[in-house]
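One-letter residues, chain by chain:
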Amino acid sequence: MKTIRLENIRRIFQVGDETVHALHGVTLDISKGEYIAIMGPSGSGKSTLLNILGLLDRPNAGLYQLENVDTTELSDLQQAEVRRHKIGFVFQFFHLIPRLTAAENVELPLILAGVDPKQRKQRVTATLEGLGLADRARHRPDQLSGGQRQRVAIARATIMKPAMILADEPTGNLDRVSGNDVVKTIEALNQGGMTVVMVTHDPELGQRARRMIQMVDGQITSDSGGQV
Amino acid sequence: MRFGDLSRFCMRALAGYPLRTSLMLLAMAIGVSSVVVLTALGEGARRYVAGQFTSLGTHLLIVLPGRSETTGGPPPMTGDTPRDLTVEDALALKRSSAVHKVAPIMVGSAPVSHKGLEREVTILGSTSELYEIRDLSMAQGKFLPPGDVSRAEAICVIGHKVKNELFGNESPLGRIVRIGERRFRIIGVTAPKGQSLGLDMSDVVVIPVASAEALFNRSSLFRILVQARDRDAIGRAKQAIADTIRNRHDGEDDVTVITQDALLATFDRIFKALTLAIGGIAAISLVVAGILIMNVMLIAVSQRTSEIGLLKALGAPGPQILRLFLTESALLSLVGAAGGLVLSVGGCLLIRRIFPDFPVSAPSWSPVAAVGVALASGLIFGVLPARKAARLDPVASLSQR
Numbered sequence: 001m002k003t004i005r006l007e008n009i010r011r012i013f014q015v016g017d018e019t020v021h022a023l024h025g026v027t028l029d030i031s032k033g034e035y036i037a038i039m040g041p042s043g044s045g046k047s048t049l050l051n052i053l054g055l056l057d058r059p060n061a062g063l064y065q066l067e068n069v070d071t072t073e074l075s076d077l078q079q080a081e082v083r084r085h086k087i088g089f090v091f092q093f094f095h096l097i098p099r100l101t102a103a104e105n106v107e108l109p110l111i112l113a114g115v116d117p118k119q120r121k122q123r124v125t126a127t128l129e130g131l132g133l134a135d136r137a138r139h140r141p142d143q144l145s146g147g148q149r150q151r152v153a154i155a156r157a158t159i160m161k162p163a164m165i166l167a168d169e170p171t172g173n174l175d176r177v178s179g180n181d182v183v184k185t186i187e188a189l190n191q192g193g194m195t196v197v198m199v200t201h202d203p204e205l206g207q208r209a210r211r212m213i214q215m216v217d218g219q220i221t222s223d224s225g226g227q228v
Numbered sequence: 001m002r003f004g005d006l007s008r009f010c011m012r013a014l015a016g017y018p019l020r021t022s023l024m025l026l027a028m029a030i031g032v033s034s035v036v037v038l039t040a041l042g043e044g045a046r047r048y049v050a051g052q053f054t055s056l057g058t059h060l061l062i063v064l065p066g067r068s069e070t071t072g073g074p075p076p077m078t079g080d081t082p083r084d085l086t087v088e089d090a091l092a093l094k095r096s097s098a099v100h101k102v103a104p105i106m107v108g109s110a111p112v113s114h115k116g117l118e119r120e121v122t123i124l125g126s127t128s129e130l131y132e133i134r135d136l137s138m139a140q141g142k143f144l145p146p147g148d149v150s151r152a153e154a155i156c157v158i159g160h161k162v163k164n165e166l167f168g169n170e171s172p173l174g175r176i177v178r179i180g181e182r183r184f185r186i187i188g189v190t191a192p193k194g195q196s197l198g199l200d201m202s203d204v205v206v207i208p209v210a211s212a213e214a215l216f217n218r219s220s221l222f223r224i225l226v227q228a229r230d231r232d233a234i235g236r237a238k239q240a241i242a243d244t245i246r247n248r249h250d251g252e253d254d255v256t257v258i259t260q261d262a263l264l265a266t267f268d269r270i271f272k273a274l275t276l277a278i279g280g281i282a283a284i285s286l287v288v289a290g291i292l293i294m295n296v297m298l299i300a301v302s303q304r305t306s307e308i309g310l311l312k313a314l315g316a317p318g319p320q321i322l323r324l325f326l327t328e329s330a331l332l333s334l335v336g337a338a339g340g341l342v343l344s345v346g347g348c349l350l351i352r353r354i355f356p357d358f359p360v361s362a363p364s365w366s367p368v369a370a371v372g373v374a375l376a377s378g379l380i381f382g383v384l385p386a387r388k389a390a391r392l393d394p395v396a397s398l399s400q401r
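For the record, the sequence lines run as chains A and B.
Quick note: the first sequence uses this note's numbering, first residue 1, plus one each step.
Quick note: the second sequence uses this note's numbering, first residue 1, plus one each step.
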């Protein structure tokens, strides 16, 4: 089942006098439950592609259908709604709020969505336990190791039970061991049925994905799976 | 987002920068407390003056020699007087039905001595009716007896301060004091009453007006105090006084009649306006505090850029981010204002302790207005930073660390 359909997506940035084609007609289909690694040199447009997939950025041209809805026609409010419920982000630099505890960081999407406080506590506890972070719930980010921080971020990304996880260099800022932990955590989520799209520099990490997409200069040069 | 969550999130954000937040709260608190304390001072001045007027007696009209051309202007203390105001003028006023009591007042200064102690004291020449008109009360003995006004009896009533200075703890009743070149028998001591309109009734000696005419060798009165029959009769009494004096003074309007109520109302208006004015000036500090809030919030937005990007990625739309930052501004001004109210209560208590006679108390509108202006300035100056936050591009903000 195709949940995502990108058709001829273009994204153009104006840098000074120069026009940069970050994405140059990208066409891509993603099915539910896929595990995709997007690879390529820096400047190849892979982060821009991820931002467009996550509705953080709008393409200049092209069609982006998410679960049969044309997202380019949604208003900002509606796009925020889609991000809240269908998409979870994992960032290279974690982006945890430093003054909040791990549990409070994980609770944040539920707070923004206005979920009932009692229900929130239950879901936060369950999610943290699922990722083996129950004993770290009351720690602030600066009291956690890098791997723990990233797993708290993953807990935050999954607490709304989104259909898709978008991860931008999730291990880029971690040592090998904790990086491995994080990848295993993400793969476990994928086995649970979540679609995972991961941008990475690391070829080894790319190999582990079931489908690997290579990008150069804003275009897809190779796609190991599902050529539609 | 629920309201409780919204305010808790903002509280945590503010608590994350304790120094900046507390300085901001201090600025707001000083602004609010200065509005409240300054208006309390203005209101205190108004009450003080009102108190002075009511201690003068009720339904009072004051007849002054000389004509003041402008209504509501200051009474002519040293105006040119074509014709003197005399005791006969005063007695003539009693014929009007609107007039209840009349007390002519002659003022002079003379040395008062008893057994080698001598003091220069203000001497009031008047009649028995002064007692009720000025709402006096006696500590000892009696006031001047009613009777023939033209009889220059050698009796006097002394204020209680004069009594203390000349007699100490002894009873002065029946004693003889020398006033100027004449001897007077003391028949009473007035009870302390406090100042009214600059004349301390405890520091005077009252003698019959005919005795005062003889003592000072003149017949011109300082003024005539008239008590109207009741509140409604004040206007008629004023007219009757003007008519009577005109008839007696060959058709010339050469006196000024002031009603206590009109005077009181004028002072009341002046002090209310003054209170509003100083309140307004103090409110400028609230606007300054509002600008400080804007500054602080702009810094917060640029410091928390990546947090804003994250909130957007987590599905917070622009309006929600706007609400978050506006709530922070509102919390800053509200908590600051609450602190300011506490400060101002302390300030008023302190002033009351230092000046116990001065009735400092904030008018009820002033704390409400101060908090209102504080909140409004926080919100208005919070809009710009909040809009800036709401409009941030999520991709660019997330790329900041």
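No wet-lab data here; the hints were simulated from the structure.
In this text, all values refer to a predicted model and were calculated from it rather than measured experimentally.
In this text, a Cβ means the ideal position worked out from N, Cα and C, and glycines have one as well.
One or more of the hints may lead you astray.
Every beta carbon over 12 Å from chain B, so not counted as near; a handful from chain A, in silico [what the hints assert, rightly or not]:
id: 1; residue: 86
id: 2; residue: 92
id: 3; residue: 115
Derived contacts from chain B toward chain A, CB cut-off under 8 Å, selection only [claimed, not checked]:
id: 4; residue: 120
id: 5; residue: 391
id: 6; residue: 394
Listed next, the stretches of chain A that the computed footprint assigns to chain B, with coverage defined by at least 3 CB atoms under 8 Å from CB atoms of chain B [what the hints assert, rightly or not]:
id: 7; segment: 54-66
id: 8; segment: 101-111
Does the closest beta carbon of chain A sit nearer than 8 Å to the beta carbon of residue 391 of chain B? For residue 391 of chain B, the interface hint is violated, since the closest Cβ of chain A sits about 11 Å away, which is over 8 Å.
Closer than 8 Å between Cβ atoms is the bar; does residue 120 of chain B clear it against chain A? Give me holds or violated. violated (75 Å)
Would you say residue 86 of chain A is clear of chain B, with no C-beta pair closer than or equal to 12 Å? violated (9 Å)
Interface hint status, residue 394 of chain B versus chain A (Cβ within 8 Å): Holds, because the Cβ-Cβ distance from residue 394 of chain B to chain A comes to roughly 5 Å (cut-off 8 Å).
Three residues or more, CB to CB closer than 8 Å: is that satisfied between the segment 54-66 of chain A and chain B? holds (count 3)
Should the label of residue 92 of chain A as a non-interface residue stand, given a Cβ cut-off of 12 Å to chain B? violated (10 Å)
Given as non-interface: residue 115 of chain A, which should sit over 12 Å from chain B by C-beta: violated (9 Å)
Do at least three Cβ atoms from the segment 101-111 of chain A come closer than 8 Å to Cβ atoms of chain B? Since 3 is at least three, the answer is holds.
Hints 1, 2, 3, 4, 5 from the list above are not met by this structure, while the remaining hints are.
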